[in-house]
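Chain A is already provided as a structure; the job is to place chain B on it using the hints.
Chains as they are written, first to last, in this note's numbering: chain A, 21 to 374; chain B, 26 to 474.
Please keep in mind that the hints were generated in silico from the structure rather than gathered at the bench.
You may find that some hints are simply not true.
Over the 10 Å line for every Cβ pair with chain B, so calculated as not near, a few chain A residues [said to hold, decoys possible]:
| id | residue |
| --- | --- |
| 1 | 71 |
| 2 | 146 |
| 3 | 281 |
| 4 | 299 |
| 5 | 328 |
| 6 | 365 |
Below 20 Å or equal to it, Euclidean Cα-Cα: the simulated SDA-like pairs (lysine to any residue) are [said to hold, decoys possible]:
| id | chain 1 | residue 1 | chain 2 | residue 2 |
| --- | --- | --- | --- | --- |
| 7 | B | 150 | A | 374 |
| 8 | A | 84 | B | 148 |
| 9 | B | 350 | A | 255 |
| 10 | B | 369 | A | 156 |
| 11 | B | 84 | A | 137 |
| 12 | B | 150 | A | 370 |
| 13 | B | 369 | A | 137 |
| 14 | B | 369 | A | 187 |
| 15 | B | 150 | A | 364 |
| 16 | A | 84 | B | 96 |
| 17 | B | 369 | A | 183 |
| 18 | B | 150 | A | 356 |
| 19 | B | 369 | A | 288 |
| 20 | A | 83 | B | 350 |
| 21 | B | 359 | A | 79 |
| 22 | B | 369 | A | 22 |
| 23 | A | 79 | B | 146 |
| 24 | B | 84 | A | 142 |
| 25 | A | 83 | B | 178 |
Some chain A residues close to chain B (C-beta under 7 Å, calculated; not the full set) [stated by the list, open to error]:
| id | residue |
| --- | --- |
| 26 | 108 |
| 27 | 119 |
| 28 | 128 |
| 29 | 129 |
| 30 | 130 |
| 31 | 133 |
| 32 | 184 |
| 33 | 273 |
| 34 | 352 |
| 35 | 353 |
| 36 | 362 |
Glycine residues also receive a C-beta, built at the ideal position from the N, C-alpha and C atoms.
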Amino acid sequence: MDAAQLIPTPDILQVPWGWFQVLLTVTFFLHLVVMNILLGCSIITFFRHATGKSTGINKAISKKLPLTVAFAINFGVAPLLFLQVIYGNFMYASSVLMAIYWLSIFAILIFSYYGTYVYSMNYDKIADYRTVLTGFIAGTLLAVAFIITNNFSLMTNIAAWPEYFNNPEGTMLNLSDPSMYPRFLHSVLGAIAVGGLAIALFYDFKKRKGEEAAEEGIAIGMNWFAGATMLNFGVGSWYWGSLPEYVRSLGGDGSAFFLIFIVLGIITAVFSLIYGMRHEVRPAVYLLLTSLFCMTLVREFVRRLTLAPWFKTSDLEVVPQYSPLIVFLITFAGGLALIYYMIRLVLTDREARS
Amino acid sequence: MNYPVWLLDTFGGGTLIALIAVVHVYVSHFAVGGGLFLVFTEMKGLREESPAILEYTRKHARFFLLLTMVFGGLTGVAIWFTIALLSPAGTSSLIHTFVFAWAAEWVFFLGEIVALLLYYYNFNKISSRSHLILGWLYFFCAWMSLFIINGVIDYMLTPGEWINNQNFWSGFFNPSFWPALFFRTFLALMIAGLFGFLTSVNIKDEEMRHRMVRYCGLWLMIPLVLLLASALWYKAALPLPQQEMIFAKSPEMKPFLTGFIFISPLLFVGGLLMAAFRPQAVTRSVAIVLFLLGFLYMGCFEFMREGGRRPYIIYDYMYSTSILKADLPEVQKKGVLQSARWVKNREITPENRMAAGEELNMILCLPCHSTGGPLNDILPIARRFTPQGMEAFLLGIGNANPYMPPFAGNAEEAAVLAEYLTTSLVPGFMPVEPEIQPLFVPPPSSIFC
Numbered sequence: 021m022d023a024a025q026l027i028p029t030p031d032i033l034q035v036p037w038g039w040f041q042v043l044l045t046v047t048f049f050l051h052l053v054v055m056n057i058l059l060g061c062s063i064i065t066f067f068r069h070a071t072g073k074s075t076g077i078n079k080a081i082s083k084k085l086p087l088t089v090a091f092a093i094n095f096g097v098a099p100l101l102f103l104q105v106i107y108g109n110f111m112y113a114s115s116v117l118m119a120i121y122w123l124s125i126f127a128i129l130i131f132s133y134y135g136t137y138v139y140s141m142n143y144d145k146i147a148d149y150r151t152v153l154t155g156f157i158a159g160t161l162l163a164v165a166f167i168i169t170n171n172f173s174l175m176t177n178i179a180a181w182p183e184y185f186n187n188p189e190g191t192m193l194n195l196s197d198p199s200m201y202p203r204f205l206h207s208v209l210g211a212i213a214v215g216g217l218a219i220a221l222f223y224d225f226k227k228r229k230g231e232e233a234a235e236e237g238i239a240i241g242m243n244w245f246a247g248a249t250m251l252n253f254g255v256g257s258w259y260w261g262s263l264p265e266y267v268r269s270l271g272g273d274g275s276a277f278f279l280i281f282i283v284l285g286i287i288t289a290v291f292s293l294i295y296g297m298r299h300e301v302r303p304a305v306y307l308l309l310t311s312l313f314c315m316t317l318v319r320e321f322v323r324r325l326t327l328a329p330w331f332k333t334s335d336l337e338v339v340p341q342y343s344p345l346i347v348f349l350i351t352f353a354g355g356l357a358l359i360y361y362m363i364r365l366v367l368t369d370r371e372a373r374s
Numbered sequence: 026m027n028y029p030v031w032l033l034d035t036f037g038g039g040t041l042i043a044l045i046a047v048v049h050v051y052v053s054h055f056a057v058g059g060g061l062f063l064v065f066t067e068m069k070g071l072r073e074e075s076p077a078i079l080e081y082t083r084k085h086a087r088f089f090l091l092l093t094m095v096f097g098g099l100t101g102v103a104i105w106f107t108i109a110l111l112s113p114a115g116t117s118s119l120i121h122t123f124v125f126a127w128a129a130e131w132v133f134f135l136g137e138i139v140a141l142l143l144y145y146y147n148f149n150k151i152s153s154r155s156h157l158i159l160g161w162l163y164f165f166c167a168w169m170s171l172f173i174i175n176g177v178i179d180y181m182l183t184p185g186e187w188i189n190n191q192n193f194w195s196g197f198f199n200p201s202f203w204p205a206l207f208f209r210t211f212l213a214l215m216i217a218g219l220f221g222f223l224t225s226v227n228i229k230d231e232e233m234r235h236r237m238v239r240y241c242g243l244w245l246m247i248p249l250v251l252l253l254a255s256a257l258w259y260k261a262a263l264p265l266p267q268q269e270m271i272f273a274k275s276p277e278m279k280p281f282l283t284g285f286i287f288i289s290p291l292l293f294v295g296g297l298l299m300a301a302f303r304p305q306a307v308t309r310s311v312a313i314v315l316f317l318l319g320f321l322y323m324g325c326f327e328f329m330r331e332g333g334r335r336p337y338i339i340y341d342y343m344y345s346t347s348i349l350k351a352d353l354p355e356v357q358k359k360g361v362l363q364s365a366r367w368v369k370n371r372e373i374t375p376e377n378r379m380a381a382g383e384e385l386n387m388i389l390c391l392p393c394h395s396t397g398g399p400l401n402d403i404l405p406i407a408r409r410f411t412p413q414g415m416e417a418f419l420l421g422i423g424n425a426n427p428y429m430p431p432f433a434g435n436a437e438e439a440a441v442l443a444e445y446l447t448t449s450l451v452p453g454f455m456p457v458e459p460e461i462q463p464l465f466v467p468p469p470s471s472i473f474c
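If we strip away everything but chain A, and leave its shape as in the complex, we get:
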């Protein structure tokens, strides 16, 4: 069977695809940062509890985890929406193929989310169960990451789709794809690195306020960051090597940008690591964020090039309707202003009372 005949016909867009691509890239970057902090910090706290290092750092992380889940989920909604607009015909198909796993994400996340609240609200009462609880939180989040990685690789692995005819119950996974495991591992190590850097940044704020003990927090965070980043250079190379030859050959539209962003992403990651090892937190953060943004773009290029034999976003039909976009942009700006106002309201009020 020619797998290409299974690719569904895409729907019509209201504005050119570039708008959605920009919105997808920006919102995914935001999601990536918060989600990495969540997953990375969960794994780090689990290892710290498991190795008997239940210090104040773990408690400080416990207080922030529920908020991080809330924003990780919220920031995940927008890129998923814009992804469906441009690549929905691929994503809906792959989601049906692995429907049971895909749908289980929400149930697993409910347990993870409540787990973070139990951990946060009862930290002092559950000294004996912290390892188990953080293991549960990290484990469930890793399961979600594994399922999502499967779907986003299956949506571009068209050759695997005909397996549906032997398994229409929605229990397929993309395990035969050689890029699946390195991609997953690359993401997890990236999350640990970002989680470590987030811890270091948190204690950097405390250090600037004059807290003596903050240096230890910075050191711990930076060690996790440096270790995970060094490993990730190896896993990243493995991931690159597992991509199809026609993707690695950097042919096709925009390949010059693809190359530039890969090189820039690696260089900024290297410099971030150097600053990290010197415990210079802020430069390391700026450089890592630049690297993450470059890698977000690289990820988009890899998807475009992988699907290039069958699909080009520029071929998507457009019947223009700009007024909904304008209303959304106004709402977006208004929403940001509202959030700024609310935070300012609380801060000024607290300041006045103190």
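Same frame as chain A, now just chain B:
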């Protein structure tokens, strides 16, 4: 036609979406009405200078945060995932038509999270005025989410002029938009009262408990009356075909309609009982019963609304089989197996009749029917027919049964699907030709022997 079909068997026929959707809708309406409830209750506490009421508000806010933000937020994502799995074509159409409405809703969702977290974590830490502003802003964001989602949901039931002009605003501000918005707003306020009962019956001080239970009773009963008035408006705003589908033509709607009519006074009486009785054992039990009744009430309404757009998923545009109304004649001419993408048996041969029938069943029947499940089970229906009877039924579908879409296949596919449904899908039912024993006729010679 365009996408693979997830073989769900027991959980098909709407069971899965019903399980997730009704739970989510109940909690998400609480997320809207409960926001206003928090603000009003806090204002009441401040006005009456009652630390007990303010403490109740704080505790209720924690319950509200844990339920609406975690469970409500994630079941909302789950609905999105579920509809995309059950009807990818319908979901894709909704996403592409209303992408910027969804995007704006995401902004309000973000505003809700920020406002609620700031509201909850700043009890007694900032001035009452600032705290109330946060509460009001939360309610504004939550209600705006409702405003946007209401537009999209009711577009599916009454797309109005969108059918002709495909204009975003025609679809969004569709004929049932405003009555549905009022209806859902009152429903949200009413549900806030029902959830308020659950927390207020646990207040330790008897006098305070009784005061707050009565207060919650007002939140139940006043919106309920307004809700019933807006329900009449909602009904009147529905075009005749959708009204007939809910109130006359679809037999499956009757229990939900009856449920909705009977539960309305029960909820009102329940509110009065809560106001009248003081013993905690009684109020706790009644609060739970009312909470469950509210859940059923919501379920009845949602089933009716969903049923009203039958046999379409987007009224007058896309059938529940995900076939566009405009494409139907072409599909009927070419045949489903030639038109669908995710099909293995494109040609029907004597060897693959059952396999082809199974594929036709997946594409045409399973979007609405379960196989052995609690909702819309296809097995008892299939058992009632012979292959010939089923074939005739399939070819006449949509006329005699207006809640079902017209059969989208050609005559040969009708025969194959009928054969599959009545001889292969239904276990143990295999109509066979009666075995005829040849009558023994003795040779003429023996007669005369």
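Numbers of the earlier hints that this structure fails to satisfy, in rising order: Structure breaks hints 6, 9, 10, 13, 18, 19, 20, 21, 25, 28, 33 and 35.
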